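Model the full assembly from the supplied sequences, consistent with the hints where possible.
There are 2 protein chains.
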Amino acid sequence: MRVLILGADGYLGWPTCMYFSERGHEVIGVDNYFRRNAAVELDCESLTPTPNLIQRTKIWEEITGKKISIHTGDITNYEFLLSIFKEYNPDTVIHYAEQPSAPYSMINRDKAAFTLQNNLITTLNILYAVKEVNPDCHIIKLGTMGEYGTPNIDIEEGWLEIEHKNRKDKFLFPRQAGSLYHTTKIQDTDMLWFYVRTWGLRVTDLMQGPVYGLSTDESDRDPRLISIFNYDEIFGTVLNRFIVQAVAGYPLTVYGKGNQTRGFLNLKDTMQCVYLSAGQSAEKGQLRIFNQMTEPFSINQLAEKVKTIGDKLGYSVEINRIENPRVEKEEHYYNVHYTGLIDLGLKPHYLTDEVLEGFFTITDKYRDRINKDAFFRGIQWK
Amino acid sequence: MRVLILGADGYLGWPTCMYFSERGHEVIGVDNYFRRNAAVELDCESLTPTPNLIQRTKIWEEITGKKISIHTGDITNYEFLLSIFKEYNPDTVIHYAEQPSAPYSMINRDKAAFTLQNNLITTLNILYAVKEVNPDCHIIKLGTMGEYGTPNIDIEEGWLEIEHKNRKDKFLFPRQAGSLYHTTKIQDTDMLWFYVRTWGLRVTDLMQGPVYGLSTDESDRDPRLISIFNYDEIFGTVLNRFIVQAVAGYPLTVYGKGNQTRGFLNLKDTMQCVYLSAGQSAEKGQLRIFNQMTEPFSINQLAEKVKTIGDKLGYSVEINRIENPRVEKEEHYYNVHYTGLIDLGLKPHYLTDEVLEGFFTITDKYRDRINKDAFFRGIQWK
Chain D
1 MRVLILGADG
11 YLGWPTCMYF
21 SERGHEVIGV
31 DNYFRRNAAV
41 ELDCESLTPT
51 PNLIQRTKIW
61 EEITGKKISI
71 HTGDITNYEF
81 LLSIFKEYNP
91 DTVIHYAEQP
101 SAPYSMINRD
111 KAAFTLQNNL
121 ITTLNILYAV
131 KEVNPDCHII
141 KLGTMGEYGT
151 PNIDIEEGWL
161 EIEHKNRKDK
171 FLFPRQAGSL
181 YHTTKIQDTD
191 MLWFYVRTWG
201 LRVTDLMQGP
211 VYGLSTDESD
221 RDPRLISIFN
231 YDEIFGTVLN
241 RFIVQAVAGY
251 PLTVYGKGNQ
261 TRGFLNLKDT
271 MQCVYLSAGQ
281 SAEKGQLRIF
291 NQMTEPFSIN
301 QLAEKVKTIG
311 DKLGYSVEIN
321 RIENPRVEKE
331 EHYYNVHYTG
341 LIDLGLKPHY
351 LTDEVLEGFF
361 TITDKYRDRI
371 NKDAFFRGIQ
381 WK
Chain R
1 MRVLILGADG
11 YLGWPTCMYF
21 SERGHEVIGV
31 DNYFRRNAAV
41 ELDCESLTPT
51 PNLIQRTKIW
61 EEITGKKISI
71 HTGDITNYEF
81 LLSIFKEYNP
91 DTVIHYAEQP
101 SAPYSMINRD
111 KAAFTLQNNL
121 ITTLNILYAV
131 KEVNPDCHII
141 KLGTMGEYGT
151 PNIDIEEGWL
161 EIEHKNRKDK
171 FLFPRQAGSL
181 YHTTKIQDTD
191 MLWFYVRTWG
201 LRVTDLMQGP
211 VYGLSTDESD
221 RDPRLISIFN
231 YDEIFGTVLN
241 RFIVQAVAGY
251 PLTVYGKGNQ
261 TRGFLNLKDT
271 MQCVYLSAGQ
281 SAEKGQLRIF
291 NQMTEPFSIN
301 QLAEKVKTIG
311 DKLGYSVEIN
321 RIENPRVEKE
331 EHYYNVHYTG
341 LIDLGLKPHY
351 LTDEVLEGFF
361 TITDKYRDRI
371 NKDAFFRGIQ
381 WK
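Residue numbers (my numbering), protein chains in the order written: chain D, 1 to 382; chain R, 1 to 382.
In short, the hints are calculated from the structure, not lab data. Certain hints may be false.
In this list, chains with the same sequence are indistinguishable; a pair is considered to hold if it fits within one copy or across any two.
Pairs of lysine-lysine residues, derived as DSSO-like cross-links and limited to a Cα-Cα distance of at most 27 angstroms, are as follows [said to hold, decoys possible]:
hint, residue 1, residue 2
1, K382, K170
2, K329, K131
3, K347, K86
4, K170, K257
5, K257, K284
6, K305, K86
7, K365, K58
8, K66, K131
9, K305, K168
10, K382, K372
For clarity, every value in this text was computed on a predicted model and none was experimentally measured.
Here's what the structure looks like:
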């Protein structure tokens, strides 16, 4: 398979490049280093030192003999993206090239506008490039479980059959998200669904929960291959932040009551999910949606787990319940259905004590690079 | 009331300026003349000759003694929009400043990207300006009945209570639109709903059907006050196009089977609906949605009505069923609920034979300006 990975420098992007390359596929990676630069500007850089993509592909080639092609550029520039599609004519395109942070999108108008424009124009450009070059190319788009919000009914896998006044129809599951960033993902889904219906494209939209972890089989071969890893308030997901806080001796920042519940997954399982989706394409004219998570946890449950394992390892972990800077329900119903990827072959890596211990161990290697100022600045939703 | 009207040069914008001004309100109109310029570029200019806004406000003042303030600029420029909000601190802002054409949004990637960016960034900017200057300012946003598409269940007024597996919640009515333009209106609704919930703003989102007509009480006072009026494939709504085609002796262009059904309303009723909404604001934290239509018709029904009246008036009208350039259902269920605006006080102007005759009479005055090349060029959805 020839796979084009957009957002190849990111937390998920680079491990995905290696995962496909390792399995014999031709990989083309594209990034504009937005995330890396934004982390510099906002003083919240990666815990891990990461060479640029060209350097990392050299290291990858030294170790494995496999080549990954890298192009640097911004895919909101349609001519640039189209030239890549024309040069490589990929079978599959994986779209990670979005501004991925909820707090970033809430900082001010300019960052909200950037998020809106970047996330929607990148998606539009991919749709047009696929239509123009090869309408059979399978688009795999990273959505988010956050699109659904926390409704008072079960969250089905993307779609819902509705019976109303004795008539029936099937619709996208109703979505109402908790940040402008998450809202752009709803808007993406609306747009993908329109063009899938109209042009007969093949799209898989992965409603992914927060990802945790720092290790994949590929990156474990050489520390220089490790992914970008954010642990700050802006770009860091909650469990990643808690682990680094625990290692740093900084009280875990639980927002509000901590009963907010979300569906989580291990970085290794993101790799599996995307790979399984690529191997079994959506049909022509199908918007296939999977709920990409393996276990639900409340924030309190995660904090307790980190404390238990951290204390056992000698870190003496404290938990600090702080006023919630976000607008979100702190008590809510949450029952998600997520069998689609299991049916495709996913073998989950659950959050066991061993996994948490391993996560502490690898994190501890980078303890000198921790910037405590990045843990919490209190970006307000209001 | 101090009312800011964005998109003041448009088919609805200018009549709305006069409608509020006539009733004693202070009106500030803003436009960047996008629609006017696009119609020049695409050779589909207004049937009616329309002086620019500064000239029209002079004429309006001569006739009524009432002033309307005009600012020319692009509200995707946040600094510009914010300066207007700071200067006037409006009680109500009416947002007509979107790219309003479905075919325009389907021409190519650049026009799709423009539509996406213009429509979403204008809405985002209004939300931020309201939050920054006066969070109590009531936002009235023009949505479209096209957001709902043609579902197989009754279309409720914006919201739907869903019971699923013995649990209940209330959601935005599921939306799936028939063009990229209509999809941007769904995306707007998603975004308005997010910020309304988060910031406690007051928003009325009007799901308006296709508007017809060329006459309002204000514009009838002087032909120089008449609105911009498009009758072409790109910017002209269907009944407006049929009337001009009939006057020009050009066969009415019915797309496909013609059983596509939509909810229509008279231009005079748009004025009433917007005015009634402004007079009775949405609550803080409420996204209030009305279905803004007065009668459903199929395309065939409209064509038959235009033929009947046109023939009676001596125009000898033909109907031409042409291959549908759009992707849309030509046979579908359509049952819309639209009582909210009636409850607010709307007195509809229905599409009677007299109304149609009056529409022919006023259109005929401009027959020398008809450009038959604009009627149909066949912009393809695929």
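Status of the hints after comparison with the structure:
{"no.": "1", "hint": "K382 / K170", "result": "between (35 angstroms within a copy, 24 angstroms between copies)"}
{"no.": "2", "hint": "K329 / K131", "result": "between (40 angstroms within a copy, 22 angstroms between copies)"}
{"no.": "3", "hint": "K347 / K86", "result": "neither (36 angstroms within a copy, 57 angstroms between copies)"}
{"no.": "4", "hint": "K170 / K257", "result": "between (36 angstroms within a copy, 25 angstroms between copies)"}
{"no.": "5", "hint": "K257 / K284", "result": "between (45 angstroms within a copy, 26 angstroms between copies)"}
{"no.": "6", "hint": "K305 / K86", "result": "neither (49 angstroms within a copy, 50 angstroms between copies)"}
{"no.": "7", "hint": "K365 / K58", "result": "within (24 angstroms within a copy, 73 angstroms between copies)"}
{"no.": "8", "hint": "K66 / K131", "result": "neither (30 angstroms within a copy, 53 angstroms between copies)"}
{"no.": "9", "hint": "K305 / K168", "result": "neither (44 angstroms within a copy, 33 angstroms between copies)"}
{"no.": "10", "hint": "K382 / K372", "result": "within (25 angstroms within a copy, 53 angstroms between copies)"}
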